[in-house]
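Going down the list, the sequences are from chains A and B. Counting in numbering that gives the first Met the number 0, the final residue of the first sequence is number 778, and the numbers go up one at a time with none missing. Counting in numbering that gives the first Met the number 0, the final residue of the second sequence is number 468, and the numbers go up one at a time with none missing.
Hints are not guaranteed to be accurate.
From the derived model, a few chain B residues whose C-beta atoms are all more than 10 Å from chain A [stated by the list, open to error]:
hint, residue
1, A70
2, S85
3, R152
4, N156
5, D157
6, L162
7, D167
8, Q169
9, A403
10, L448
So the derived label-pair ranges between C-beta atoms look like this [as the list claims (entries may be wrong)]:
hint, chain 1, residue 1, chain 2, residue 2, range
11, A, P387, B, A154, 25 to 35 Å
12, A, G690, B, V142, 34 to 44 Å
13, B, T450, A, E722, 18 to 28 Å
14, A, V105, B, S462, 26 to 36 Å
15, A, S510, B, E93, 17 to 27 Å
16, B, D433, A, S38, 31 to 41 Å
17, A, A591, B, P325, 17 to 27 Å
18, B, R92, A, G690, 35 to 45 Å
19, A, P387, B, P325, 24 to 34 Å
20, B, L17, A, S255, 42 to 52 Å
21, B, T450, A, G690, 46 to 56 Å
22, B, G399, A, A483, 19 to 29 Å
Since the hints were made in silico from the structure, they are not lab data. Idealized CB from N, CA, C, for every residue including glycine.
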Amino acid sequence: MSTLGLNIGLQALLTSQAGLDTTGNNIANAATPGYSRQSLLQGPGRTQQLRGLLMGAGVRADVVQRVTDDLLGKRLISQTGSFGRQEARYDALSRAELLFGGASDVNVGSALDALFESLSSLSASPGDGVLREGVVQAGEDVGLRLRQLSGDVDALRFEFAERVDGLVREVNVLAGEIDTLNREIVQLEAGGPAANNLRDERQEALRRLAELVDVRYAVEPTGAARVTVGGHLLVSPAGANQLLAQVGVDGSVDVSLGGPTQKVDLRGGAIGGLLDVMQNFLPQLDDQVDAYARDLIFEFNKVHGTSVPGTGPHHRVTAQYAFQDQNGNGVVTDELVAAAGLPFDPTTGELHVRVHDEATGAIEVHRVDFDPQRTTVGGLLADLNAVPNLAARLDAQGRLQVSSQSGYAFDFSRDVPTQPDLVGSLGGGRASLATPGAEPFALSAGDTLTLQSASGPVTVTFGAGSFANVGQATAAEIAAALNADPGVQAAGLTAADVGGSLVLQTVGAGSTESFQVQGGTALGALGWTAGQTVVGSDQATAVTLGGAYQGASNELLVFRPNMDGTIGSTAGLAIDVLDSAGNLVTSLDVGAGYRPGDALDLGNGLAATFALGDVSATDNDLLAVRALADSDTSDVLAALGVNSFFTGTDAGSIGLRADLLDDPGKLSGSITGSPGGGTGILDLLALADRGLASLDGRTLGEQYGALASDVGFEVQGAESAMETEGLLLDGLQARRDQLSGVNIDEELVNMLEYEQAFSAASQYIRVISDVTNELLSLV
Amino acid sequence: MTIRPTQSSIFNLVRMGLLEGQRSSVRAQEQLATGRRLLRPSDDPVDFAAAASFQRQQARGERFASAVNDARTILDAAAGSAQGVSEQVTRARELLLSGLNGTLNDSDRASIAAEIDEIRQRVLEAANQQLGDQYLFAGTGGVRPFADGAAVRYAGNDESLRLTVGVDSQVDATVPGDRIFAARDPGATVFAGSTGAASGTSPDQGSGYVDLVLRHDATTGTLGSGLALVGAGDTILGAHTVTIDAAAGTAQLGNGVPVALPDPTDPSAADFTLVDESGAELHLDFTAYDGTSSTSAVFADGSMSIDGSTFVPIDFASADQQLTDPSTGTVLNVDARGIHRAGTELVQFGGTVNLFDTLQGIADDLRNADGLPSDQVQARLRERLVELDRNHDHVLRGLGVLGARSARMTGLEERLLDSNLQLEGLISERRDADVSQVVLDMAQAQQALETTQASGVRLLQTSLLNFLR
């Protein structure tokens, strides 16, 4: 007898045992995550030639094989990364969404509502100190909530950065694990069969890694896996590299691999998702919140700046925002205003300053033209200093300070002064001659003007140095040149600019005052004729204006009489009112039948009253009134932060002006300056319902709502992306399970099969043994 | 490839099913507990945005409602005041008409004057009424609008307290006091006529009343019948005639009542007063009366003033003599040709006298401190009546405006309440959970959960192990 039989039996026994072991392994690992079921691959033993017969030599256990699909495994890893990213994004965005609260929570939107509510209450009783305090507190509250929101967004960034840091640590731990497994696998598989359990472990480690970063891997013939993360090598047969997260002071994170300078761009996994939110969404949200705060600050300040404080017109104002030296020469005054480092941009336009003489109550309105692209800081200071009784300077920090001289006060209101004719150029007592037309006057350098006054002849020569452009001389320049001439002063004459026309007058009033224009080369440009005599009047009329201008844009209204006559007496006497385009607005009948002191309607919300007196059309009597719809069309007051409501430049710095908090009486609610006036308050209140161009026509409240719902949309998008990726992942997972998962019933059947094979094999061995014994007993 | 269920897939399946079932239950419970369908913006961003927008509108509606209420309170208070004033003025008118009755004596008139003073005080108080700290009729001036005095001036301004009661909709909650109590209408200068002074042709400038004081300076003239001028106590102005009728034994000044000639030996004859038809006096010395009849012409010069301190001589030939008071800017042109006696002429700038000055004037006229004859008093009272009626018209008009605005506020309030309610409904629709729906959802979720649990257990427990011995 040959040993073949026993051998066959032995092989069969051993193979069955191996099968049972494999089955047992599968059953034991049925719940192990990432386990791939193993199956015993067996084949028939090598055929032997025996006694002329080709005999099978039993069974041969070839290898215990993992049932896996490597391609499926790679896809699973990749999808795990995608899902991990979306999941992390959704989580992070949900955190951000909480900052905006639910639909009824206390937040910026409701604080804004409360501010408008307090303004509405104040408008019913503008003099009430308690209600004013309420407005100031409500404003501070809005600032507080915006600062909180901004701070919360920053805090989120830090929180996410910390989380990234923690995740990076995990990645490094996993990389270490994979590296260890690599070595073990390589060692174990050196020339031998696959190390199934270790490979499963490594695959599971890779899956956990894929949850955190975008992973690509390839298994080398040696069995080691080469893992790349974000395109850079994390684990190689040589070892594992370290991922490094550097958190900046502003909460930004730089991830590098294998050294601080090797930046890696991670897109997948939880880290990728978090970084995406941190680098794209959060800065965008921050910018949006900041932009919202800026719009709020600017719009409120635009309205508040031109109103008059409850404590009365200003004596001194300081700007909130400083001019900054941009070209590094240590001097600020040479910077263009548009490029001087202001947080808000003024535009080209005009600013009107009203200067009050506190003794007489007279109000002078001065216009400062302003083009931020052309005017330097120094130029602006000069223009403001040119306003009589006003002084402008920069303080130590570069902020504009405007103050009035003792006995004067100023404001920027659009209210029309009640007594507009300060020099008496319309029927005043002085002998007064005005130019028939307005500036510019086409003078030439060296032009002369000869006048005859009570004290003798006076000749004035206009030098080119007094004018910016002598061919386009302004009335103000000519008046300044005349007033500076000592001959003119000695003759008791004075000149003024009234609405762009030049007015030449005697200083004294009464019918004894007179002067005559004798000649001179400037006569033609000025529109006067030689020999024109002007006499003063004993009966000076006075013009009083009332009402509030309702027009939509700023106007210069010029009043001119249509003939010579006496108010209330001369038949057909009328005062024509012309706008800046020269169109007739209305004609006021002040002739016979008009009772001096009665109000005449100008039709745009204003009314005029004329007192008894003589007016003259031959002397070109005129009155110029600035009817303002907006006294600061350049928004320079808001850009500088003069008489502002809010301070700050973004959501992190917004607050209420400190001296307003200290003294709510300074709240600017009136445009007339009277303590009960509330037009300014109504203007602020109108912001609640006014769509702003800078917000695409939305109101401030709507803009906040849009901000919150945009975040909501983002979160919703992330949620559905996460669900989609999740479904795909589940699908792949299911397919993997189908292939590599353990079905216990199946294993039990296998177990029965192997058990029976084992029984049969042992039975066979007994038979062989019996047969051998029988053979032996024969001997 | 056929589907091969594995242990892990079976367990996962049951696990997922259970989790999902629980999630639905929890969500339904959350909605029930908070009453809200939308808990976070991401639940339904579109509806969330709409709900947030509605909330802004709701806040705005509440703001408007509160402003409307404030406006109405102020308007009603002012209307109440104005109503009281109107009643007082009506009573004053009755008193004035009774004062015009010629049968009353001085003490009757004095008591009527006292009552009119009372009325004036009450009207003044009503005009100065405050609501809280705010004056109802001072515009936005914040100061007492009408200070008591000889001539009451309006110290407030022309601005109204304006409230925002709707989008682009505002209401003036006050009417400036000068429009109700001191309104200015077109009119002419009116002279009461007691001294003969009349309005000149040039335009006058001024407001309210002016007392034109005409003063006698000197009398000149040659008298017949041996009479002489005393030179003191005369109140005639201009040219007058003295008629002595020796036959009837009377002396007559102008068209006055002839009086009996005095006895020259009587000590009173040295200063005998003749009174003309307007009550002007001429003092004559009759001691040298020679008993003849004569008609003599005398001329009395005088001067006049409107401020009581600066007097200008009367130009009796002038039809248009101008008097000015620079401190008030008053310019008065007087036709002096008809001036015949000294005294205080009431000059009224028609349409400019305010209610208080009118009442003051009525009381003064009734008291008649100057001792004017009753027909002149009545002339003055009739002029006052014109101004009183004019002022009453303005009070009634102001009352009408206040009342109309108040009614508008009431209507607005109702509309705002309605639209607020509607908004509430809209918000609730979007944001709140429909309780019955949620309860249904919850019941469904519960049921699904239980089914999953039951079937899951069944599936999990089925195993070959149960059957192997």
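With 46 to 56 Å as the target window, see if T450(B) and G690(A) comply at their CB atoms. Taking Cβ atoms as reference, T450(B) and G690(A) lie about 54 Å apart, which means the hint holds.
For G690(A) and V142(B), compare the CB-CB distance with the range 34 to 44 Å and indicate the outcome. Holds, since G690(A) and V142(B) (Cβ atoms, about 39 Å apart) stay within the stated range.
Just tell me: holds or violated, for the beta carbon distance of G399(B) and A483(A) against 19 to 29 Å? 60 Å, violated
Outcome of range test on Cβ distance (V105(A), S462(B); 26 to 36 Å): Taking Cβ atoms as reference, V105(A) and S462(B) lie about 57 Å apart, which means the hint is violated.
Whether the CB-CB distance between T450(B) and E722(A) falls inside 18 to 28 Å: 23 Å, holds
Run the C-beta distances from L448(B) to all of chain A and say if the shortest one exceeds 10 Å. Holds: least Cβ distance 20 Å, greater than 10 Å.
Is the nearest Cβ of chain A still more than 10 Å from the Cβ of Q169(B)? 7 Å, violated
10 Å Cβ clearance of S85(B) from chain A: 25 Å, holds
Falls inside 25 to 35 Å, the C-beta gap from P387(A) to A154(B)? 30 Å, holds
Hint check for G690(A) and R92(B) - Cβ pair distance inside 35 to 45 Å: Given about 55 Å between the Cβ atoms, the range is violated.
Determine whether the non-interface label on N156(B) survives the test: each CB of chain A must be over 10 Å from its CB. 6 Å, violated
Verify the CB-CB distance for L17(B) and S255(A) against the hinted window 42 to 52 Å. 43 Å, holds
Of the numbered hints listed earlier, those contradicted by the structure are 1, 4, 5, 6, 7, 8, 14, 15, 16, 18 and 22.
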